[in-house]
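Peer 1: Between the sequences and the hints, there should be enough to build the whole structure, so can you do that?
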Amino acid sequence: MFKRSRVAWKVSGLFSAIIVLVLAGNAYVNSLDDRAVALAAARNVTRMHARTVLHSLHRFMTTRDVEGISSLMEGIAQDNPDYKDIQLVSHEGRVLASFAESDDRTIEQDSWPCRECHIPGQETVRIVGEDGLDRIVEAADGTRALSVITLINVGETCGGSECHVPAANDRPLGFLKSDYSIERVGDFVAEHSFKTAIAVLIGVLLSMVAAWFAIQRLVVARIRVLTEGIKRVTHHDFNFRFSGGGNDEFAELASEFNEMTRQLSASVTKLKRTREYLQGIVEDSADIIITVDPKGLIRKFNTGAERSLGYKREEVIGKRIEMLFSDPRERDVAIEQLEGTDHVVNYETHFLTKDGHVRNVILTLSRLRRRDGTQVGTYGISKDITREKRLQRQLLQSERMALLGQALTGIQHSVKNLLNVLKGGSYMVKTGLAKDDRELLNEGWEMVQEGITHMTEFSKSMLNFAKERKLDLSQVDLSELLKKLYSMSEARFREKGVSLILDVADDLPLVSCDRELIHSVVMDLLSNSLDACSWKEYGEDVIPQVQLRVRTASNGGCIYIEVIDNGEGIPEEVRRKLFTPFFSTKKKKGTGMGLALTARVVSSHGGKITVESEPGQGATFRVLLPISGRALGEEEYDVEESVGR
Amino acid sequence: MSKKVLVVDDDENTVRFLSVALRENGYEPISAFDGEEGFQRVEDSNPDLLLLDVMMPKRTGFVLFKQLRRNEKYKNIPVIMLTAVADVLEEDESHAGDDTFERPFDSLRESLKRAIVQMRDEGLVRPEKFIDKPIDPEALIEAVKELIG
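Protein sequences appear in the order of chains A and B. 1 is the number of the first residue of the first sequence in this note's numbering; add one for each residue after it. 646 is the number of the first residue of the second sequence in this note's numbering; add one for each residue after it.
No wet-lab data here; the hints were simulated from the structure. As the structure is a computational prediction, the values presented were derived from the model and not from experiment. Beta carbons: idealized from backbone N, C-alpha and C, even for Gly. Among the hints, a few may not be true.
[Claimed, not checked] With a Cα cut of at most 27 Å, we get these calculated DSS-like pairs of lysine-lysine: (1) K231/A to K295/A; (2) K496/A to K703/B; (3) K703/B to K649/B; (4) K774/B to K790/B; (5) K718/B to K416/A; (6) K416/A to K711/B; (7) K295/A to K319/A; (8) K703/B to K718/B; (9) K790/B to K718/B; (10) K435/A to K790/B; (11) K649/B to K430/A; (12) K648/B to K758/B; (13) K648/B to K720/B; (14) K430/A to K648/B; (15) K430/A to K416/A; (16) K435/A to K649/B; (17) K484/A to K470/A; (18) K720/B to K774/B; (19) K312/A to K295/A; (20) K430/A to K790/B; (21) K435/A to K648/B; (22) K416/A to K703/B; (23) K312/A to K383/A; (24) K774/B to K648/B; (25) K312/A to K389/A; (26) K720/B to K649/B; (27) K295/A to K389/A; (28) K270/A to K300/A; (29) K460/A to K470/A; (30) K354/A to K300/A; (31) K758/B to K416/A; (32) K703/B to K720/B; (33) K774/B to K758/B; (34) K483/A to K496/A; (35) K300/A to K272/A; (36) K416/A to K720/B.
[Said to hold, decoys possible] To list a few chain B residues with every Cβ distance to chain A over 10 Å, as calculated: (37) V665; (38) G671; (39) E681; (40) R686.
Peer 2: Okay, structure coming up:
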C-alpha cells in the first residue's frame with residue numbers, strides 16, 4: 001500500500017515541505033514584526049509615563065518636592081510592574097529621584113546615555129529630538145530592559161530667564177531615564193512563535209493528508225488502472241479498455257491508450273494470421289524444412305521432416321544437425337559452399353532416418369540473417385527423392401537390360417548367320433569326304449574358313465566396340481581424304497551399277513580429327529548406301545546413285561559430310577534402331593556394329609550424326625564435325641537452313 | 646526326271662551348300678540371288694518347290710512369295726521360308742506380348758507377322774514351312790521330301 005503510493009507520498013511530501021518553508025518564512029517575518037511591535041508598545045508606554053512625570057515635574061520642582069516625584073514614580077511602577085526603575089537625573093549626572101533602591105546615585109559622563117549627546121574631550125553637543133533616546137540595556141540582575149531617555153528642557157512654562165540662568169536655554173536641565181523590562185516581550189514573541197508553529201504543523205499535516213488523498217484519488221488510482229491495463233496488454237490481453245469519463249489529461253491518456261490497444265490488437269491479429277499462414281506453409285510442407293542455429297543445433301523441424309525422417313521434433317530440437325546426415329562430411333561440403341554465396345541449391349545428399357534408413361534428398365540451403373546482417377543460422381529445405389532415385393535406378397537398370405537384350409538378340413542373329421555358313425561348309429566337307437569328292441571337300445573347307453574369318457571379325461568388332469579408343473587427333477585435309485576414298489570405292493560402286501558422285505567444296509578448312517577413324521566412318525556410310533541401292537528395284541529411267549557431299553556449315557564452326565543415296569530408304573522402325581549396337585538387317589557381312597561404332601566415333605569427336613529417310617526414296621546420313629575438335633553448343637549444330645538440299 | 650528346287654538367297658555360300666545338299670538327294674537345284682532374279686527363274690524354270698530367304702535385295706522373300714501366291718500359275722508351288730527369325734514367327738501368338746524388353750528384331754518380327762496376317766486376309770496360303778537359320782541341310786532335305794517326295 002505504501003509502496004504502491006510512492007507518488008502520493010512524494011508529491012504530498014514535497015507539497016508539505018513547500019508549505020512548511022513558506023509558513024516558516026512567514027512566521028519568522030511575523031516574529032520580527034511582533035518583536036518590533038512589542039518594543040514600540042514598550043517605548044510608547046514608557047514615553048507616556050515619562051510625559052506624565054514631566055508634566056508633574058514643574059509642580060514638584062516648584063515645591064522642591066523630590067519625595068513627591070519619587071512616590072509618583074512608585075505609583076507608576078506599582079501599576080506597571082515591568083518597570084525596573086525610573087530615575088530623574090540632572091544634567092550633571094546626579095540621580096535626583098528613583099524608586100528603585102540603588103547605591104549608585106550618579107551616572108558616569110563617558111557612559112550611556114551621556115555619550116549619546118556628549119563626545120568625550122569636546123564641547124560639541126548633539127541635539128537629540130523631542131522623543132529622546134532609547135536603547136536596550138542589560139540590567140544589574142541580568143535581565144534585559146528598554147531604557148528610554150526623555151530630556152528635560154527649560155520649558156516655556158518656566159518663563160526662562162525669570163528664574164533660571166539664560167545660558168540654560170539650549171541646554172537640557174536633565175533627563176528622565178525609564179528602564180522598562182522587555183523580558184515579557186521575549187516571552188510574548190516566543191509564545192506567539194510557538195502558537196504559530198503549532199498552527200503551521202497542524203496546517204501542514206492536514207494539507208499533507210489532503211494532498212495525499214487528492215493525489216491518491218486523482219492520480220495514483222488511475223495510474224494503477226493504467227498499469228494494470230499495460231500489464232494485460234503486455235500479456236496479450238487486448239480486450240482491455242479504460243472506462244470512466246472525465247476531460248482531464250488522464251482521460252485523454254486513457255483514450256489514447258484505448259486507441260493504441262485497439263490498433264495494437266489489430267496489428268497483432270494481422271501479424272498472428274500472417275505468422276500462422278507462413279508457419280502453416282512451413283509446417284505442413286511435404287518437404288523437409290529444418291532450421292539450424294550458428295552452433296549447429298536444430299531449431300525447427302517441420303511435419304515433412306518428421307514424416308520423412310521418423311523423428312518427432314521433440315527428439316531432435318536442440319540436438320546437433322549432423323545426426324541427420326548419413327555422412328556428416330556431406331554437410332561440411334554444403335556449408336563450405338554456403339560460405340561464398342549464402343545459398344546452396346539442389347545439393348544431393350543423404351539423410352539418416354530414426355530407424356537407420358538412408359534417404360536421398362536434394363537440399364537447398366540458405367543462410368538466415370537478421371536485417372543488420374548478423375548470421376542467425378541456416379535454413380534448409382530438402383526434397384526426399386529416395387523414391388525417384390530408386391525409380392531412376394530401376395529405369396537405368398531396365399534400360400541397361402533392354403540394351404543388353406537388344407545386343408544379345410543382335411549377337412544371336414549374327415551368330416545364327418555365321419553358324420549357317422559353318423554348318424553348310426561342314427556339310428559339304430562331310431559329303432566331300434564321304435564321296436571322296438575332293439572338289440566338294442575343298443569348297444566346303446573354304447566355306448568353313450570363310451565362316452571362321454567372319455566369326456573372328458565379328459568378335460573383333462565386338463571387342464572394338466567394347467574398347468574405348470583414344471583419338472589420334474591431327475589437322476586433316478578432308479577434301480584430300482575424301483578424294484582418295486572416292487578413287488578407292490568408285491570401281492566397287494560401278495561394279496554394282498551404282499554411280500558414286502563426289503561433291504567437295506574447294507574452301508574446306510583443316511579439321512581436327514582422327515584421320516583413320518573418320519576414314520572408316522565415311523567408308524561404312526558409303527557401304528551402307530551401296531547396299532541400300534543394290535537392294536532396291538529401280539525403274540528403267542532411274543540410275544542408282546550415291547552422293548558424297550562435304551561443306552562448311554554457314555556458322556563456320558563445323559563441317560558436314562553427307563552421304564545421300566536414292567536407295568530403298570529406311571522404314572521408321574528401323575531408323576529408330578539404327579545406331580543400336582548389334583542391330584542389323586543384313587545377315588551376311590553385317591555385324592550390326594557399323595552404325596553403332598560410327599555414331600560413337602562421331603560423338604567422340606564432339607560431332608553429331610543424323611539420318612533422314614523416306615522409304616523407297618533414299619536416305620541421307622549427315623555427319624557434323626566441329627572444326628576445332630571440341631564439342632559445340634547445341635545451337636551450333638543446327639545447320640538445317642545452311643544445308644542446301 | 647528329277648524335281649526342280651529353286652533356292653533364292655543373296656548369300657552365295659547358303660545357295661552353294663543347299664544346292665549340294667539338294668543334288669546329293671536327287672533334286673535339281675536352281676539358284677537365284679535376289680527377289681527379282683528369283684521371279685525370273687520361277688518363270689523360266691517352273692520349279693517344283695521354292696526355298697526362299699526373307700531378307701533379300703530387290704524384292705524381299707515375302708514380296709516374291711505374295712507375288713507367286715497371287716499368280717494363278719504359281720500359287721500352288723510349295724514354299725519353304727528360310728529365316729533367322731523363324732523361331733519368333735513360330736511362337737505361340739498368345740505369348741507374343743510377354744517379352745519384357747523390346748528387341749531390335751521386334752520390328753522385323755512385326756513386319757513378318759503383318760505380312761502373314763495380310764496374306765491370310767487376302768486368302769493366300771501361308772508358306773508351307775519355316776526353317777530357321779542356321780540351316781541343317783539334313784533337316785531341310787527331310788522337309789523337301791515331305792513336301793514334294
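Peer 1: Identify every previously stated hint that the structure contradicts and give their numbers, smallest first.
Peer 2: 1, 5, 12, 27, 36, 37 and 39
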